[in-house]
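Number of protein chains: 2
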Amino acid sequence: MKFVIIGGDAAGMSAASKSKRNNPNIEVTVLEKSQDVSYSACGMPYNIADPNRSMDDLIVRTADEFRSKNRINLLTGHRVDKIDPVGKTVSGISFENGKESQTFSYQFDKLLIATGAAPIIPNIYGVNLSGVMPLKSLEDGRAIKSFIDSNLNSKPVKKAVIIGIGYIGLEMCEALKERSIDVFMVKPSEQFLPSFASELADVVKQELVDKSVNLYCGYNIDKIEQNSNLNSSSLVVVCKNRASNEIVNLDADMVIVASGVKPCSQIAIEAGLEIGISGAVAVDKNLKTSDENIYAAGDCADAFHVVTDKKCWIPLALRANRAGWAVADNVCGINTTLPGVAGTAVFKIFDLQVARTGLTVKEALEFGFEPAQIVIQSRSKAHGHPGSKTIHVSMVGDKKTGLLLGVQMVGKDGVVHRINAAAVALHAKMRVVDFAQCDLAYAPPFGPVWDPLLTAANQLIKKLG
Amino acid sequence: MKFVIIGGDAAGMSAASKSKRNNPNIEVTVLEKSQDVSYSACGMPYNIADPNRSMDDLIVRTADEFRSKNRINLLTGHRVDKIDPVGKTVSGISFENGKESQTFSYQFDKLLIATGAAPIIPNIYGVNLSGVMPLKSLEDGRAIKSFIDSNLNSKPVKKAVIIGIGYIGLEMCEALKERSIDVFMVKPSEQFLPSFASELADVVKQELVDKSVNLYCGYNIDKIEQNSNLNSSSLVVVCKNRASNEIVNLDADMVIVASGVKPCSQIAIEAGLEIGISGAVAVDKNLKTSDENIYAAGDCADAFHVVTDKKCWIPLALRANRAGWAVADNVCGINTTLPGVAGTAVFKIFDLQVARTGLTVKEALEFGFEPAQIVIQSRSKAHGHPGSKTIHVSMVGDKKTGLLLGVQMVGKDGVVHRINAAAVALHAKMRVVDFAQCDLAYAPPFGPVWDPLLTAANQLIKKLG
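Residue numbers (our numbering), protein chains in the order written: chain E, 1 to 465; chain P, 1 to 465.
Nothing false has been slipped in among the hints.
Intra- or inter-copy, both count: the list cannot distinguish identical chains.
Derived BS3-like pairs (lysine-lysine); straight-line CA-CA distance at most 30 Å: (1) Lys136 x Lys205; (2) Lys177 x Lys136; (3) Lys82 x Lys288; (4) Lys429 x Lys400.
No lab work stands behind these hints: they were computed from the structure.
Keep in mind that this is a model prediction, so the values were computed, not measured.
Looking at chain E on its own, in the form it has when it is part of the complex (with noise of 0.2 Å):
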């Protein structure tokens, strides 16, 4: 059996290795364009803010080590190009030195496309500029942090755009911060933090004031230039008001682009696959395409969406992994589907924590469910116990079936691990008055004695009526 996987990341390695894991005699071939397999995306921002860390830290398993100690054969710089469904090959052309090198193609009994995302390069005059620089792959993080470090001019970084606050913005934010580079933040939307409670937006907003960075929300980035002015910063960021049409110019050093990611379909596209919600590849729960031989997972594929029962495309690592393992065990008929995700997100900025699982009120609404929402304050240690902050905690659910919907908490102190009490009661489809009654933990260092998520929980069963 031929098991060919596209991409070389979490989700491909992770099918690689439980493959080959479930059954040794099974032919694992990975195809991946870049030199880097099995690393922590995610630890990129924190990585970048440490000058005494390599980029390398993040690297969990070499390409090496997967190929002497799991058997597979891990081809890196080879991208493919083409899909054949028909005649069940892929192929593409190997990089060698950065420099094309030769075409391959590839026979598949079973195939996954685990291509992942990309960052979203919006098309702004300048963006091509030197400076001027995503963070996706690792090889970005290394540009980004080798930029930094390089003193480029020998004048260090001092000034830094971001163009997006998103998670990747906020993370990257507090890692400039962290390197003394005074960050402006510039997004076209108004709305600050969109996928949350304003509330809750609100108090992430008030940590980046209080934090000193510049924040500029609505507002369009008309182009990037070279600064003229040789004794300032190397780069011009020239944005415009949305709605007064004032022109702002903010020097920078550097800037990063996080305007977000989108799945990298092309050549599933390009095969004749079924494409989903937002341009990923369209899988059932066996992470199947389309095609009875092609599974996709990981960023470029959708998944469902445990509160709708709807498709979603909520790129996530957990995710990624978890369906790269579920299709190992398809390809070696071991049937195994994934009931789906929660959305449940979390962030660390400054000395916030900020977590999400579920729905907000607008995505209740657009799903058809009915929603109430409660938005609450509470205390992160018991009445009395020193060091107490406030967490705040935003609860939704339907007043049609009573059902939770989706949780949202940000604080200083006790947020990030709650979440996960809302995620499972929204993975067992719980009712606001049955997630209400559940036994949580209590201890004055720790929490009130009624957890924030029952106090919200007992608010929002009023409304729920």
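Chain E is already provided as a structure; the job is to place chain P on it using the hints.
Relative to the frame of chain E, chain P by itself:
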């Protein structure tokens, strides 16, 4: 409607307040034998640890506030000695300045017994000596703190013996070490923390050894004596090794009795009410006793366990508050049932967080399950992220049904709120295979891609077959 409540602690005051919120016209009388109501009992060890905090910091609400704001007839210094279920009266004696003052009798339509639990005082010669103290009531807490602060006989407290190594004993151990007091802990059984997986108990034990706590597991206490050597500590605790009969004399300036608690159910027994497990008052899911006008809630009452569906007695603060509310609803005609407890408990001991929910292997066997267990080590942060600590997880599942039965965790970072995810899974009666599919949170500062609970579940699945 006359609603009488015996006991003004968590369950009693929750019931009193909620019943007035439900129905302002209800006549609520609370009879509390001490002078304190509504305080954070679990906060006492942390308060004792800090010489600059007043014990009154732990009072959430004063008796006067309940009287004026909530219009509750709250009578402190009132000890109920008798319940007459037929005549629907309670009677007892009131105290003034610590002395018996006069008898009282109150008529009720509905009665709540919320008498709590009392410390078990072992029958040891010398247990009544000055300096030998339990910790249960706020008065106990004040006595311990003022004993330490008073520097009795101009000698500071330098050495303390703690009898018992449960949650309270361990929390007091940390508190006394904070006050620079040498601690000696003594218990009869050889097994350290028998309600935890031995691998996890060993981690806790090592933390105590690392912090120079002196442990005597497997020792009975023969007697406590005044020390004849006036230049030494005032007390001597005479311990005997149960296996070797070796005698160890421990000098102590104070002795903390932390040998566990027992339900205060004597008046319920004398009133002929049905008594359940561990001597607690038996209640149904409405918190009703065997008498249809009498409820019981809090540490004096039993509860259903959500994993076994059988009765248990696990006296903890959240359940007491929740049960108080439920009684208030039921008394006011709002039918409210409580599913039960999962036995979720957490505590901190020095740098360690310790958490459990559900059943141990031993408990699972007792309740007729066919348990399989896995013990793993994972990390509190992602690969390559600095500051990562070991997280130890024990997970138990049932081979017959595949159900998750219990989880325990120990570690220095990221343990305590993670247990809530498992607690919710127990309430939802999830199978381990389904729990393993939950979309738990991931970001590098907060954990590995596969949350330690998911890694444990993935491993346990293999053992469940």
